[in-house]
Amino acid sequence: MTGAAVLLLDAAGPESAALARAAAMRGHQVHAATTTADGQAPARGLAGQVVTDFARPDRAVEEITAYARRRSVGAVLTANEYLTELAALVCAELGLPGNDPHLAHAARDKAAMANVLTAAGVRVPYTRFVHNDTELQDALADERIGLPCVIKPVSGAGSAGVTVVTSAAEAAAAADIARMARGRYDGDAAAGILVQTYAAGDEYSVESVTQDAVTTHLAVTRKVVTGGAHRVETGHSLPVRLPPATEATVHREVDAAIHAVGIRHGASHTEVVITPNGQCTVIEIAARLGAGHIGLLLQHALGIDVFAALPDVALGRPAALTPTAHGHATVRFITSPHTGRLTSLRGFPERGPGVPFVRWRAAIGGPVNAAGVNADRLGCFIVTGPDAAEVEQRADTLARQIRVQVDPPPVDSSTL
Numbered sequence: 071m072t073g074a075a076v077l078l079l080d081a082a083g084p085e086s087a088a089l090a091r092a093a094a095m096r097g098h099q100v101h102a103a104t105t106t107a108d109g110q111a112p113a114r115g116l117a118g119q120v121v122t123d124f125a126r127p128d129r130a131v132e133e134i135t136a137y138a139r140r141r142s143v144g145a146v147l148t149a150n151e152y153l154t155e156l157a158a159l160v161c162a163e164l165g166l167p168g169n170d171p172h173l174a175h176a177a178r179d180k181a182a183m184a185n186v187l188t189a190a191g192v193r194v195p196y197t198r199f200v201h202n203d204t205e206l207q208d209a210l211a212d213e214r215i216g217l218p219c220v221i222k223p224v225s226g227a228g229s230a231g232v233t234v235v236t237s238a239a240e241a242a243a244a245a246d247i248a249r250m251a252r253g254r255y256d257g258d259a260a261a262g263i264l265v266q267t268y269a270a271g272d273e274y275s276v277e278s279v280t281q282d283a284v285t286t287h288l289a290v291t292r293k294v295v296t297g298g299a300h301r302v303e304t305g306h307s308l309p310v311r312l313p314p315a316t317e318a319t320v321h322r323e324v325d326a327a328i329h330a331v332g333i334r335h336g337a338s339h340t341e342v343v344i345t346p347n348g349q350c351t352v353i354e355i356a357a358r359l360g361a362g363h364i365g366l367l368l369q370h371a372l373g374i375d376v377f378a379a380l381p382d383v384a385l386g387r388p389a390a391l392t393p394t395a396h397g398h399a400t401v402r403f404i405t406s407p408h409t410g411r412l413t414s415l416r417g418f419p420e421r422g423p424g425v426p427f428v429r430w431r432a433a434i435g436g437p438v439n440a441a442g443v444n445a446d447r448l449g450c451f452i453v454t455g456p457d458a459a460e461v462e463q464r465a466d467t468l469a470r471q472i473r474v475q476v477d478p479p480p481v482d483s484s485t486l
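The sequence shown runs 71 to 486 under our numbering.
Just so you know, the hints here were simulated from the structure itself, not pulled from any lab data.
Glycine included, each C-beta is placed from N, C-alpha and C at the ideal position.
Some hints here could point you the wrong way.
[Said to hold, decoys possible] Pairwise CB distance ranges, derived in the manner of DEER restraints: (1) Pro456 <-> Asp179: 40 to 50 Å; (2) Asn202 <-> Ala239: 10 to 20 Å; (3) Asp272 <-> Gln475: 31 to 41 Å; (4) Pro423 <-> Gly298: 33 to 43 Å; (5) Arg139 <-> Ala243: 41 to 51 Å; (6) Asp256 <-> Gly298: 24 to 34 Å; (7) Glu460 <-> Ala238: 42 to 52 Å; (8) Pro407 <-> Pro456: 51 to 61 Å; (9) Pro314 <-> Gly191: 15 to 25 Å; (10) Thr286 <-> Pro218: 45 to 55 Å.
Using the sequences provided together with the hints, build the complete structure.
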């Protein structure tokens with residue numbers, strides 16, 4: 071190993087593992103900051119790790135920076151949305167390239183996000199921050215909110231705790247769901263919730279990398295999302311070719327959002343809604359690479375190895391972000407038709423030409439949930455090729471062949 075050491079905040083999960091592999095292949099020692107509370111195994115092949123408490127950020131900064139100095143760490147980054155603010159604080163303490171530590175909370179705390187984006191002139195849904203039932207009723211009576219509206223937690227992720235409310239009678243239950251969906255390291259303190267206007271239109275995300283405050287937009291991703299009260303992403307496809315005027319509008323809004331939340335070095339994933347007339351509303355922004363295998367889609371469709379690029383960005387080195395291919399890639403997620411016990415699976419695709427990645431997470435005989443949050447997804451597969459229409463058609467055909475059998479949960483006789 072000859073390169074500078076790289077430290078990941080949380081080395082569990084597919085994106086973190088891919089970052090670890092990419093950094094190691096480029097000659098870097100890879101270290102990790104972990105917490106025993108997660109219960110997830112970190113990536114393999116680590117040179118070392120520091121165990122800390124992510125729920126106590128002051129202590130975590132102290133322990134992580136001390137470890138980083140001892141190991142001559144030259145870059146700190148994370149793929150964990152809950153730790154992006156901590157990463158900014160650690161980078162600032164160590165004097166390494168990172169995001170603005172004074173603004174980084176606004177890419178996590180969605181109340182702060184709404185405030186700073188609004189102040190920066192970014193088009194966002196009108197938002198009310200509420201603490202109790204009285205404030206909830208006041209928000210619902212606000213004509214700027216209207217119905218349908220969205221009720222969601224301040225610090226959640228992966229659609230957890232998010233409800234699209236179509237009547238005032240649904241609001242109390244939705245608020246309770248949002249209050250229970252705390253951030254992973256938030257502790258037990260009471261949390262407020264957000265009530266937002268519902269942004270109608272097609273859902274997309276913009277995948278970007280910023281280095282020295284200069285942003286490169288890698289791709290626009292089309293999302294397929296379930297309907298109903300709880301929206302789950304069931305597909306991502308990229309790159310999307312928007313009309314030039316619409317693309318310019320989207321990039322302008324996203325650039326302003328990236329600047330407003332202090333992203334200076336690293337990836338960002340900005341969720342937007344676009345109307346048929348090209349109007350763009352920024353829903354949320356995260357200071358991390360898009361999850362749901364978007365990094366793999368970028369590799370297969372555009373030849374951009376974002377997992378290799380991000381350590382370079384964190385080290386302050388030029389990153390390779392120019393497409394070397396011009397194809398198309400889509401991922402399709404499989405969900406359960408209802409809550410129960412998974413009894414059989416038939417027709418799930420196998421890895422092969424044009425299907426470079428398949429993953430099934432649910433165990434036969436084990437419990438599964440109806441799709442309510444992204445974590446309820448059972449598995450996925452990726453389809454790639456040179457032509458967007460052919461890739462989408464093949465993915466649709468493969469998805470239709472999958473048969474998931476779920477038996478309903480047993481009836482609890484004590485409640486009869």
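Hint check:
1. Pro456 <-> Asp179: 40 to 50 Å: holds (42 Å)
2. Asn202 <-> Ala239: 10 to 20 Å: 18 Å Cβ-Cβ, so the 10 to 20 Å window holds.
3. Asp272 <-> Gln475: 31 to 41 Å: holds (32 Å)
4. Pro423 <-> Gly298: 33 to 43 Å: holds (36 Å)
5. Arg139 <-> Ala243: 41 to 51 Å: 49 Å Cβ-Cβ, so the 41 to 51 Å window holds.
6. Asp256 <-> Gly298: 24 to 34 Å: With a Cβ separation near 27 Å, Asp256 and Gly298 satisfy 24 to 34 Å, so the hint holds.
7. Glu460 <-> Ala238: 42 to 52 Å: Since the Cβ atoms of Glu460 and Ala238 sit about 46 Å apart, the hinted range of 42 to 52 Å holds.
8. Pro407 <-> Pro456: 51 to 61 Å: violated (34 Å)
9. Pro314 <-> Gly191: 15 to 25 Å: Since Pro314 and Gly191 have Cβ atoms about 22 Å apart, the given range 15 to 25 Å holds.
10. Thr286 <-> Pro218: 45 to 55 Å: violated (35 Å)
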